[in-house]
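Student: What follows is each chain in one-letter form.
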Amino acid sequence: MTQKFRIENGGLINRDKKLSFKFNGKTYFGYEGDTLASALIANGVHLVGRSFKYHRPRGFFGAGVDEPYAIVQLYRNNETEPNIKATEQELFEGLEAKSVNCWPSVNFDIGAINNFLKIFLPAGFYYKTFMWPKSFWYRVYEPFIRKAAGLGVASTKHDKERYEHKYEYCDLLIAGSGPSGLASAYAAAKNGARVILAEDKPRFGGSLLTSDVNIGNQSGEDWANSIISELKEMPNVIVKNRSQVFGYYDHNMLVMSEKVSDHLPKTKKHHPKQRLWYIRAKQVLISSGSIERPLVFGNNDTPGVMLSSAAKEYLKVYGVLVGKNPLVFTNNDSGYETAIEFKKNGINPIILDSRVNPQSEIIDEAINLGIKIKFSYVVVAAQGYKKVSSADIAKISDDKKQLGTIENIKCDCICVSGFWTPTIHLASQSGNKTKFKEEIDAFVPGTSKQNETTLGAANGIFTLEETLKDSFMAGQDLSKKITNNDNKISFPNVVEKKSSQHDKFWCVPLPKGKSYKRFLDFQNDVAVSDIEIALKEGYRSIEHVKRYTTLGMATDQGKTSNLNGLQLVSDIENKVVPAVGHTTFRPPYTPISIGAIVGREVGKHSKPTRKSPMHSWHERNNAVFVDAGVWLRPRYYKQGNENLFEASKREAKNVRTNVGVCDVTTLGKIDIKGPDSAELLNRVYTNAWLKLPVGKARYGVMLREDGIVMDDGTTTRISENHYHMTTTTAQAANVLSHLEYYLQLVWPELNVNVVSTTEQWAGAAIAGPKSRKLLEKLFPNNDVSNEGLPFMGYMESELFGVKARIFRISFSGELAYEVNVESDNGQFMWEKIIELGQEFQVQPYGTEALSTLRIEMGHVAGSELDGRTISYDTSLEGLISKKKDFIGKRSLNREAFTSSDRQKIVGVVPIDKKTSIPEGSHLVKDAQAPLPNKKLGHISASCWSVEHDNPFSLAILKDGKNMIGEKLFVMSPLKNKVIPVEIVSSHYVDPKGERVRS
Amino acid sequence: MLHIKCPHCGMRSQNEFSYGGDASVKRPELNKEISDEEWDNFVYNRKSLRGKHLELWQHLSGCRQWIKVERDTATHEIFNTYKADEEIS
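Protein chains in written order, with my numbering: chain P, 407 to 1404; chain F, 227 to 315.
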């Protein structure tokens, strides 16, 4: 197939490598180095999509990041991605893309009926229409809008691609590789500074690739290539293409997205698809250039109307003609450059210039080439539906208010140039308060806020010579301050054509009797009339006008529309643009894929996985694991065809009748040393600690300053000034920080050191009536009798030559011990316990059985200590010392904490002794009461009591103290359950606590 | 992401630190009789200032020291950082 719009020679594409691709199911050909956009235009395809609101035909408007129209759904390597700009997507063999926001096809789109209903869809239409009746929103409006709106479909499949994050530090980060980026990078690199030069496009050089200039007797493109090759060789320079610096954050942190593989048919092995760079730079040079502004006229969204700079880029970079009968509509000299390029390639353009009688070298050149120019002429409206076929043009009066007779001329594209808008996004994101520059009718950066300097066109400097001079100097000066080197670089000779002043004109008035839509925002379909309505309805702040009309709120973030919108508001309001002000620029500058933001932190990689030293034994013995914070803990050990319920019941029962062993390595452990350790504990815990003897453990509860329980656990006095504190698994890190806070900031006079030893010790809880017998086997040389090692006693020993700590503490409510050995010996300890426990029917038990045992015993855990309960609520008020002060004590006299019907922990048993009670259910008095049914409390934990062989739950219940014996209902609307229950004591097993002391 | 100078370790990224609130708040002394108002001011009442703010951070993934940071809450500018026991003029 011939490419009708590809010129014979020229462009920077590789004509030796032909690539085939599919668009909307049809196969086309392009060349290596094409974008999807340039390849489509080469094939004469100008209709790529439908607009967001009115479903009007959409073509190409730009040639890069500013593109508002050409958004496609991309298919690559069995994956699909929405919101891809055809102007940025590089062509690869086998690329497939489809139009979005159209059904059933881009050529015949049912939604286009909105175009004829547009009178009914003015600014704020959604706000006004879908307000009432309220119930209609969920049922009717929202589903309808969801179906109609959207720019593509997100894949619901798991993304198999890899995305990486990288952290980098540099002296100078330079965003943009146009003339200013290259010059400043070169100067800084020569001074030995560590430089990162980032370019969002595949090719370096920016405007040098398309402008007719000469630097040091080389073409702009050749000069750019020679600088880049030299920079690439330098060890202190990182040069990155396909890399967009999209965000400027605090303290000179910038984020850049590098598209490593998006231009390839498939990501190479060991390569990521994209890489996100977090760059902390000492200095930032913003050389992001400028974006051409559109001119506003009737039907200016018709496919074939595009920026003149884009038309020039398609021609010079890709060898593609955007039309063979072009009309150039301009208010400045840039349009002439495009027209001259057309002419050089044998095409005869017509120039309409809104200016009366401009004079410059470029205009002279156009005249000399014989290009037809009409001064004081404007395009009134584009004609043609799916592609421009002609233009209505007219002479315009000097005050730009009156149109002359309308003439119609044939053309197949309209290249517009309304002068240039500096790309100030990064500077603005850095906190720089921008200022309005009258000469260019645009905002430029003001005083630097962080260490940033804006150069060249981004700073409103549009001549090459000045840009290069400024940039060489900036690169040199800034790097000199960092490296102390001062390499002088000779400034090259620059040849460029001088331009004349642009016309302060940007919007063509409507001819009498016509109501053409004149679009400002091409992606969100915001027209001049929408802004007028918003202002008429009283919106004044530009931030409000933006949100009401959605101007600049599409995925292109108004790169081509913002300034024209501001101009319009200021014209109507009779204000100057700086008084109106611009809306805030926020990162990201361009859409960034969620995958890149997430990076490698997906699924199991999102947090570390911690395993106990006994993990491999658990694995070998059919443990089913559960995530407990970052830990993996055995939930139960499966035997045969057992399910969770059966296994945990068996394991718990075995603890109550024989002996069980549970891996408790995950418990937080903090080593506390120093002469004031006892005093610290006395202030941190609610109970008294000063008199705890050496070799004894004590249970303690610690509060936050607001009186809420923070954590509980046992602390053991190892020696005179040495304590071993345990915390719950979940609170381990918080408790350590908490202790450090008080020691470092509040009571620095206390001589105490704290350090986490969670990972230094492997722990095994040995629980059950036969646990002492097992312990005798494990430690035959120690007296572990009730007298030798009483409840809450502590002993140091050796487990067959391995140093061990034995604590007589119990979470299960049975006679129990906890043995700790150094982590490396954990597996050895565990295997010894299992081996020597065989004769006592020892079985390992997991977290599910552990829960069962503690619940039926009424021991509290995280589900009761949930950040909302005080000691009283969890029946731990007996541990509150009246004699001493401690953290949080002063809060306990708060009115709500002392009220007589305060909530309290209770036990809950279903009347039928069969129905399990879902955790989180509510307790109510009357199951039939109308909603909202008054909640008296909630179920915090549920189990199947192995002692009583029926379901049992713990609950936090209002006035729980006086509710024992009451009959209530448990309601779980989530599980659709109503269960009649009886309130009992939370101590369902061994209420006197005799077993632990036996 | 902020760049915070730990007075013990030097310049580090914000993700090594955790925030600890207003550093000007002083905990009332233990065993001292104080009014409800004083206690509430210590536990709850914070000004949420716009502008210069002396705040606590802990260098959690570093030296684990609590430090004081003088920071502008609007611009995030950090003027100075201090050790926990350093006198601030």
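Please note: incorrect hints may appear among the correct ones.
In silico DSBU-like pairs for lysine-lysine, Cα to Cα no more than 30 Å straight-line [unchecked claim]: (1) 1079(P) / 258(F); (2) 1079(P) / 839(P); (3) 1295(P) / 258(F); (4) 309(F) / 855(P); (5) 1079(P) / 309(F); (6) 1289(P) / 252(F); (7) 841(P) / 886(P); (8) 572(P) / 231(F); (9) 855(P) / 258(F); (10) 258(F) / 887(P); (11) 1013(P) / 273(F); (12) 887(P) / 273(F); (13) 273(F) / 839(P); (14) 252(F) / 1288(P); (15) 231(F) / 688(P); (16) 1290(P) / 252(F); (17) 252(F) / 855(P); (18) 231(F) / 1295(P); (19) 816(P) / 918(P); (20) 1289(P) / 258(F).
Derived contacts from chain P toward chain F, CB cut-off under 10 Å, selection only [claimed, not checked]: (21) 1013; (22) 1111; (23) 1142; (24) 1297.
I should point out that these hints are in silico values taken from the structure, not numbers from a laboratory.
Positions of the beta carbon are idealized from the N, C-alpha and C atoms, including for glycine.
Student: State for each hint whether it applies.
Tutor: Verification of the hints:
1. 1079(P) / 258(F): holds (27 Å)
2. 1079(P) / 839(P): violated (54 Å)
3. 1295(P) / 258(F): holds (12 Å)
4. 309(F) / 855(P): Judged against 30 Å, a Cα distance of about 28 Å means the pair holds.
5. 1079(P) / 309(F): holds (23 Å)
6. 1289(P) / 252(F): holds (24 Å)
7. 841(P) / 886(P): Holds, because 29 Å separates the two Cα atoms, which is no more than 30 Å.
8. 572(P) / 231(F): Holds, because 22 Å separates the two Cα atoms, which is no more than 30 Å.
9. 855(P) / 258(F): violated (47 Å)
10. 258(F) / 887(P): violated (56 Å)
11. 1013(P) / 273(F): Violated. Residue 1013(P) to residue 273(F) sits at ~35 Å, over the 30 Å cutoff.
12. 887(P) / 273(F): violated (41 Å)
13. 273(F) / 839(P): This hinted pair holds, its Cα atoms lying about 28 Å apart.
14. 252(F) / 1288(P): Distance ~24 Å between residue 252(F) and residue 1288(P) Cα, so the pair holds.
15. 231(F) / 688(P): holds (15 Å)
16. 1290(P) / 252(F): holds (20 Å)
17. 252(F) / 855(P): Roughly 34 Å separates the two Cα atoms, so the pair is violated.
18. 231(F) / 1295(P): violated (36 Å)
19. 816(P) / 918(P): With Cα atoms ~22 Å apart, residue 816(P) and residue 918(P) stay inside 30 Å; holds.
20. 1289(P) / 258(F): With Cα atoms ~13 Å apart, residue 1289(P) and residue 258(F) stay inside 30 Å; holds.
21. 1013: violated (14 Å)
22. 1111: Nearest chain F Cβ about 5 Å off; hint holds.
23. 1142: This hint holds: residue 1142(P) lies near chain F, its Cβ roughly 8 Å from the closest one there, short of 10 Å.
24. 1297: holds (6 Å)
Hint check: violations occur at hints 2, 9, 10, 11, 12, 17, 18 and 21; the rest are consistent with the structure.
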